[in-house]
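For the sequence shown, counting from 1, position 66 maps to 46 in our numbering; every step adds exactly one.
You may find that some hints are simply not true.
Derived lysine-lysine pairs resembling PhoX-like cross-links, with alpha carbons at most 25 Å apart [claimed, not checked]:
(1) Lys165 x Lys358
(2) Lys263 x Lys358
(3) Lys199 x Lys260
(4) Lys199 x Lys234
Simulated from the structure, these hints should not be mistaken for lab results.
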Amino acid sequence: MMKKKILWVILLFFCIAAVSGSVMDDVSQVKDKVGDFIDNGDNVVIVEGQYASYLEKKMFLFLKDASPDLADVPLIREDDFRPGDETGKIVVLIGGPRQNMITAMAVADPVFEQESDDLSLGSVTYLDSGEQKMVVFSDRAGFSGLAKTGPYNSPLRKIIPVEYVPAAAAAIGFSLIWLWSLFGKIILEAIQEFFTDKVMNVFKKKKKVKDQARTMNIKGLEIKYREIFAILIAASIFAFGLAYTYLSPVLPVKSFLLAALIVNILIYLIRHLTRLVMDKRLKAHSEYVMWWFGALITIITAWLGNVFSLAGTTFKGDEENVAEGRIAFIITIITFVAFIIFWLWNFFMPSLVTQITMILLFMGTYLEILPIEPFEGKNIRAWNKKAWWIIFIPLTVLYVIGHLLI
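Put together the whole structure using the sequences plus the hints.
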């Protein structure tokens, strides 16, 4: 097991090295052209977009370090840049239109002639009106992707730097999950103690009636109406939480919310219909139910700036069935492969829908493999510990890189 962990660390190192190498190649490719365009640093102002991504910032820092003429040029935050500050200056903008409102206004202004150089990890766009020059540094998603605005709107930003907000929000979310895994059953049992036997009997009677759930039959597959309801509600809560994390002034709010809602409901329905089909084939029994404490964590983490997908969970039957871990692993692999496909699609041809789909697929996959109640990871680990490690390590690496860095 230790050898496998070392192998994953080495693989991560080479991935980071490859990305760093790509960034350095990009810098070498554009350094001279940018230097000529901005007249070698004379009278330049650098403006960092409010929602500029980690990659965009690093791309520009590499260029700045490699260009002596830019070394002493101060960096201004977008919030501190006022109309008229650009007069008589050459403006270098960090962040595409989705991450920098000044960029958004500039690229939409017809007075500018535009020329772009595509790089391995992004682009450099040159704007020239004859009287005003601007240069835009953007990652591949900067012109058509989503800016992660949640950390900037988080209450945690008042006490810690914004760069650490996603990690802090995740730490709070994981702490709440861990506390529930330790004390959840005790809390529920304590609440039940407050009820008299008579009241509890009423609840038990209702539970017996509820167990005889109404179902619909689709080609021999029995689907409970209450399960469909739970899937729709849980998918909607997560979709709205994610939308809150990525909303920005340049996004059409209604269209974005609707897209996130439709995409997430489709993902949830496909995942759980697949689970039901496999349950039938392998003689297992499970049901997707609302997890109200998880829904609360979803809302809290969205508010804090790094949304979790926890509004529902898969409840297993009383009987033990080793197939449950196998089913959960197969569904996790299918979802992960779908995420990779949409990640590649979004990398080469970024769009709003592909990025929404990519994020929803990943977040719905990662949290489910945690090896504690009530997540599927516990069943996967019990079924095959090696299989669990194989999927857990790369997903954790991707989670850290993609969701804790901004």
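Against the structure, the hints:
no.	hint	in the structure
1	Lys165 x Lys358	holds (17 Å)
2	Lys263 x Lys358	holds (19 Å)
3	Lys199 x Lys260	holds (12 Å)
4	Lys199 x Lys234	violated (36 Å)
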